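Number of protein chains: 2
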Amino acid sequence: MADNAALAKMAQKLRRLSIESTTEAGSGHPTSCMSMAEIMSVLFFDEMRWDPRDPSGRRADIFVLSKGHAAPILWAALKESGAIDDDLMTLRRHDSRLEGHPTPLVPWVRVTTGSLGQGLSVADGMAWARKLDGEQGRVYVLMGDGEAAEGSVWEGSEFAACNKLSNVCAIIDLNRLGQSGPTMHQHHAEVYERRWQAFGWDTAVVDGHDVAALKDAFAQARRSSKPFGIVARTLKGKGVSFVEDKEGWHGKPLKKGEELTKALAELGEANITLKVEPRHYEAEPKRAEGPIEIKPAYEKGQEVATREAFGAALAKLAKSAPQTVAVDGDTKNSTFSEKFKAVAPERFAEGYIAEQNMVGIALGMSTEGKVPIASTFACFLSRAYDFIRMAVYSRPKHLVLCGSHAGVSIGEDGPSQMALEDLAMMRALVKSTVLYPSDAVCAEKCVEAAARAEGIVYIRTSRPKTPILYANDEAFPIGGSKTLRRSDKDAVTIVGAGVTLFEALTAHERLQKDGIAVRVIDLYSVQPLDADTLRRAAAETRAIITVEDHSPRGGIGEAVAAVVGGSTRLEILAVREIPRSGKPTELLEAHGISADAIVRAVRKML
Amino acid sequence: MADNAALAKMAQKLRRLSIESTTEAGSGHPTSCMSMAEIMSVLFFDEMRWDPRDPSGRRADIFVLSKGHAAPILWAALKESGAIDDDLMTLRRHDSRLEGHPTPLVPWVRVTTGSLGQGLSVADGMAWARKLDGEQGRVYVLMGDGEAAEGSVWEGSEFAACNKLSNVCAIIDLNRLGQSGPTMHQHHAEVYERRWQAFGWDTAVVDGHDVAALKDAFAQARRSSKPFGIVARTLKGKGVSFVEDKEGWHGKPLKKGEELTKALAELGEANITLKVEPRHYEAEPKRAEGPIEIKPAYEKGQEVATREAFGAALAKLAKSAPQTVAVDGDTKNSTFSEKFKAVAPERFAEGYIAEQNMVGIALGMSTEGKVPIASTFACFLSRAYDFIRMAVYSRPKHLVLCGSHAGVSIGEDGPSQMALEDLAMMRALVKSTVLYPSDAVCAEKCVEAAARAEGIVYIRTSRPKTPILYANDEAFPIGGSKTLRRSDKDAVTIVGAGVTLFEALTAHERLQKDGIAVRVIDLYSVQPLDADTLRRAAAETRAIITVEDHSPRGGIGEAVAAVVGGSTRLEILAVREIPRSGKPTELLEAHGISADAIVRAVRKML
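These protein sequence lines map, in sequence, to chains A and B.
Counting from 517, one number per residue, gives the positions in the first sequence under the numbering used here.
Counting from 517, one number per residue, gives the positions in the second sequence under the numbering used here.
Note that these hints are calculated values from the structure, not bench results.
Among the hints, erroneous ones may be present.
Claimed, not checked - Quick list of in silico lysine-lysine cross-link-like pairs, DSSO-like style, CA-CA up to 30 Å:
| hint | chain 1 | residue 1 | chain 2 | residue 2 |
| --- | --- | --- | --- | --- |
| 1 | B | K913 | A | K1099 |
| 2 | A | K947 | B | K947 |
| 3 | A | K1099 | B | K816 |
| 4 | B | K1029 | A | K1099 |
| 5 | A | K525 | A | K778 |
| 6 | B | K913 | B | K811 |
| 7 | A | K771 | B | K981 |
| 8 | B | K791 | A | K913 |
| 9 | B | K981 | A | K772 |
| 10 | A | K947 | B | K791 |
| 11 | A | K811 | A | K981 |
| 12 | A | K947 | B | K1099 |
| 13 | B | K1099 | A | K595 |
| 14 | B | K762 | A | K680 |
| 15 | A | K772 | A | K525 |
| 16 | B | K778 | A | K1099 |
| 17 | A | K778 | B | K768 |
| 18 | A | K1120 | A | K1005 |
| 19 | A | K768 | B | K1120 |
| 20 | B | K768 | A | K1099 |
| 21 | A | K771 | B | K1099 |
| 22 | B | K595 | B | K791 |
| 23 | A | K981 | B | K771 |
| 24 | A | K816 | A | K647 |
| 25 | B | K835 | B | K595 |
| 26 | B | K1099 | A | K772 |
| 27 | B | K981 | A | K762 |
| 28 | A | K998 | A | K1099 |
| 29 | B | K762 | A | K981 |
| 30 | B | K768 | A | K981 |
| 31 | B | K998 | A | K1099 |
| 32 | B | K595 | B | K768 |
| 33 | B | K680 | A | K762 |
| 34 | B | K816 | B | K981 |
| 35 | A | K981 | B | K772 |
| 36 | B | K835 | A | K1120 |
| 37 | B | K680 | A | K1099 |
| 38 | B | K1099 | A | K762 |
Keep in mind the model is a prediction, meaning the values are calculated, not measured.
Kindly generate the complete structure, drawing on both the sequences and the hints.
Spelled out as structure tokens, the structure:
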């Protein structure tokens, strides 16, 4: 498209703009931008087929900046391409969309980056969805060399190779210097190349400041039938003598005045404007959609684990709603996501035992219009917490996470498999919905609600079989609760969810025999929660006892405490000691979350 | 030591015991044990130099079972070695030490395993500490092939090579079958071998059922100057025709009766007893210890960030206490752990950008008698949450984690770098201590307390400089708090920590001018917290307002709500919306945690 001299000059212009905007902001990472200027110039003004007027990325190539701290040069490239017209000198200001690390406030940014090692996984998810839809646009992901130390990069490399994602092209900006010192392998490009090859990729090593060499490598990548990795040897701070390849310049802007002037003088003028010719691929991708509506069909008296019901609901979505996709981490026969695979194997991605990548690909799929549902044991979602946190900031339209095998009620496998922190982890996210069904009807309806809801929804399922509580047509709105037992004489309110709800119901029965009435609330929607009902219960009964198969901190107990605070006495029954192997009933008793424990707590309160 | 036929027979015996104990338990993973029987037999009865009477591992080789679901064969090997005398048939019972996955209830188990892909990192930490101390004993870690999909395995491989840990020998039990289906690479041993080589290891591929071949490989490993990886091709369920190499047998015991009888018959009798000859290495390792005592020396009026004070405290520990070691994830110039490195470079491990491995190695070091202090940006500790969760179950004597750059007060870098969930994450752990200093004096004393305390202690530090509040001799016991402003007329209590404490003090001043008295409490010990002081404040003032640079869920607000619930009105000021780049002061104001916001909240309450 553009000649090499023009591209080189544009690179120089992007460098100047990165320096100027960070100096103006008084913070940022100019030297990390300078190493990748030619890569950005070649990608945006030559290699990628895209339309600067259309951020949807349909029938076009897309770009993910994994090394998010280089945001200034992304903003500069978008500005020079005509894709945005923000003032680059507003970088990092509170009133600017041009944040310190990329966020989707700028619609060209699909996912928030800045926690390193996540870009490849989300690129994989996009590329996987594109293959599914017949979208010909490729996915380019630009990484730093430092972030290749993150294991998630190798999870992402594995997934790309395993799924033959020849539409993924990753570039390592091998600038040798990390934040606090040189990287492990400095300029040894062959180390990275050998690794990618060992993970099943095609590769090229180039001088990352050589426009012609970069063009060649990208052409090679287009011809490859495998994911393609380009290791581009570069210099951090390239082009300015006093920062180039120097330690101590990470995340440091140049000072206004002499420092800035000298740097710009060394870079030389770069009066160039390049027009990006809008280019699209021919084939129109198919993005079929269908209704998300789940009708449970259980009979009272049946015993069904909520994880099984999750699987049953997934099978229904697999059939009715082609926009849904499912991913799992080699636990599909335990989470029951295998039921989705049975119906729609082409829309099921096996993530193997790599939970970070699993969440990353799900997020990537969501940016391609999918409704992704990712599942594993709830405790193993803790592995992906940074990915989940970052996904919040990516503001996905849909992202459903399901964690099975919650709490001590899993029994004999012991603490390593028991999720006791997942409610806290998911509630603490700045934006999230947390659902915790107790019976199969509610579980299926939670899946429906989650697949319809905006943003990140977490569903917590349990291992043991539990009786059906609800009629098949019962509604479970997000933010609601169910008061299962109530009378005018209720002395205490018991709030539970999941397995503990059944303990609460048993406690109710036992106490009733002794003439003690207690209210029982099913808090299936842990976040948002039904504050009105809880406050009413606080006002109408003498105390609230929460009971949860979870840590006492950050879960149901504290959620309730935060909304009823001041209006009632509250006791939190939860798992306070390190659990061990044992039968589920033994463990509920040992940790004080059994029916007996509830009865004891009620008696003590009265 | 033992002849090959005897070792093969012992393997068969270990298989029988694994089958019998899981059948008796009614759950467990016999087929995952059966694939590795020869490996265990050769390791425990031939290769490893150890003393079954001494679980300390001093002057001896040690073993980590990364594939924790194979616990039954570990228990069997320990029993047959004479290292334990538990009844194997109590496996998975609540009254037994022989849990479903290994835990340190059995003293031979140094770290709890069962969340896959963690064993290598902890082995690295042990091996690193052993090199430091001159402990000649080697570290053997046995992994499954499925878990090689976890990126953390490659982080651990990288660390081992980078630190020349020739005392690490990892074995992959390449049994081809994961939990829910075949692994990605099935029996392609060369894939794993190529990867380890690409990560700088020496390797061997062997038939994992061939005792002689295993012996050779271990001998080769001893001669290598690099970490050594053995890829052992095996069959899951080896030795029993109807389960061998068959899908659908993961995590499934054989049924009592015909199934069990047939299996044992096929394995044949294995009446053998082998004695492990106690063997020790000659060199006595040096484990120097020194006093952990930190004396801050600040002057009132100074402005020092708590992260800087953390670094200053580390430098003091580096000097006085040779049992301390520090690790960091390429953020040492931001967390200030570089100050430790400056004093004691040999006791500083650079973890590069790989937080899972960083926590894993720290845990491994703790098992060698070290007091490890691991630091990175607080938000990136979320990356290691599964490792941290598992570390709790490993019951380490000491493990200090420090997260810097807490909350929106970091400013311009934007949400990706802001920890808003770390208090929730750390509080939710079943056992943990959480400290959150506001000034440099408190920060140094928190480091002292953390390094002395048992178990996992998290210290949250902040980016901005803050004034000195306390005298250098002030004491900060874990579980305490400081009431900085108080009068008999206090209308409201404000609870803060970190940057928000200073906002609370400013609010106090402004309100005082209007004749409104408020109490101000510094909750530097977030967990355990000073319930008495908080309850007294709840009784003596009309309401409590908590203010924190964190999510409203799982942090200070809910912690306070849980202890004062019922006795007072409570309002939680916290970060409720997705933050963006901006100046720290702008962000505190925008998210309603500034002095102005506190003043407004107090006025509204009254």
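Now the hints, each set against the structure:
Of the supplied pair hints, the one linking B:K913 and A:K1099 holds, its CA atoms being roughly 29 Å apart against a limit of 30 Å. For a cut-off of 30 Å, the pair hint linking A:K947 to B:K947 stands: about 27 Å separates their Cα positions. Between A:K1099 and B:K816, the direct Cα distance comes to roughly 58 Å. Violation of the 30 Å bound is thereby established for this hinted pair. Proposed proximity of B:K1029 and A:K1099 is contradicted: the alpha carbons are some 62 Å apart, above 30 Å.
Between A:K525 and A:K778 the CA atoms are separated by roughly 18 Å; this keeps the pair inside 30 Å, and the hint holds. About 24 Å separates the Cα atoms of B:K913 and B:K811, which keeps this hinted pair within 30 Å; it holds. Between A:K771 and B:K981, the direct Cα distance comes to roughly 21 Å. Compliance with the 30 Å bound is thereby established for this hinted pair. Restraint check for B:K791 and A:K913: not satisfied, since their Cα atoms lie roughly 63 Å apart, outside the 30 Å limit.
As the CA atoms of B:K981 and A:K772 are separated by approximately 23 Å, the hinted pair is consistent with the 30 Å bound. Simply put, A:K947 and B:K791 have alpha-carbon atoms about 59 Å apart, too far for the 30 Å limit, and the pair is violated. Pair hint A:K811 plus A:K981 holds up; C-alpha atoms about 20 Å apart against a cutoff of 30 Å. Between A:K947 and B:K1099 the CA atoms are separated by roughly 22 Å; this keeps the pair inside 30 Å, and the hint holds.
A distance of roughly 24 Å separates the Cα atoms of B:K1099 and A:K595; the hinted pair therefore holds under the 30 Å criterion. About 27 Å separates the Cα atoms of B:K762 and A:K680, which keeps this hinted pair within 30 Å; it holds. Proposed proximity of A:K772 and A:K525 is supported: the alpha carbons are some 24 Å apart, at most 30 Å. A threshold of 30 Å between alpha carbons decides the hint, and for B:K778 with A:K1099 the separation of about 28 Å falls inside it, so the pair holds.
Of the supplied pair hints, the one linking A:K778 and B:K768 is violated, its CA atoms being roughly 70 Å apart against a limit of 30 Å. For the hint pairing A:K1120 with A:K1005, the CA-to-CA distance comes to about 18 Å; that is within 30 Å, so the pair holds. Proximity of A:K768 to B:K1120 is assessed by CA-CA distance (about 43 Å); at most 30 Å being required, the pair is judged violated. Under the criterion of a C-alpha separation no larger than 30 Å, the hint pairing B:K768 with A:K1099 is consistent with the structure, at around 16 Å.
With a C-alpha separation of about 18 Å, the suggested pairing of A:K771 with B:K1099 holds against the 30 Å cut-off. With a CA separation close to 11 Å, the supplied pair B:K595 and B:K791 stays within the 30 Å bound. Note on A:K981 and B:K771: the hinted pairing holds, with a Cα-Cα distance of about 21 Å set against a maximum of 30 Å. As the CA atoms of A:K816 and A:K647 are separated by approximately 43 Å, the hinted pair breaks the 30 Å bound.
As the CA atoms of B:K835 and B:K595 are separated by approximately 43 Å, the hinted pair breaks the 30 Å bound. This hinted pair checks out: B:K1099 and A:K772 have alpha carbons roughly 19 Å apart, not beyond 30 Å. The hinted pair formed by B:K981 and A:K762 meets the criterion: a straight-line CA distance of about 27 Å does not exceed 30 Å. At roughly 29 Å between alpha-carbon atoms, A:K998 and A:K1099 fall within 30 Å of each other, so this suggested pair holds.
The suggested pairing of B:K762 with A:K981 holds, with an alpha-carbon distance near 27 Å, which does not exceed 30 Å. With a C-alpha separation of about 18 Å, the suggested pair B:K768 and A:K981 falls inside the 30 Å cut-off, and the hint holds. This hinted pair does not check out: B:K998 and A:K1099 have alpha carbons roughly 44 Å apart, beyond 30 Å. Simply put, B:K595 and B:K768 have alpha-carbon atoms about 23 Å apart, close enough for the 30 Å limit, and the pair holds.
A threshold of 30 Å between alpha carbons decides the hint, and for B:K680 with A:K762 the separation of about 27 Å falls inside it, so the pair holds. Of the pairs offered as hints, the one joining B:K816 and B:K981 holds, with about 13 Å between alpha carbons and a cut-off of 30 Å not exceeded. At roughly 23 Å between alpha-carbon atoms, A:K981 and B:K772 fall within 30 Å of each other, so this suggested pair holds. Distance check on the hinted pair: B:K835 and A:K1120 sit about 53 Å apart at the alpha-carbon level, beyond 30 Å; violated.
As the CA atoms of B:K680 and A:K1099 are separated by approximately 44 Å, the hinted pair breaks the 30 Å bound. Our distance criterion of 30 Å between C-alpha atoms is met by B:K1099 and A:K762, whose separation comes to about 28 Å.
Hints 3, 4, 8, 10, 17, 19, 24, 25, 31, 36 and 37, counting from the list given before, are not met by this structure.
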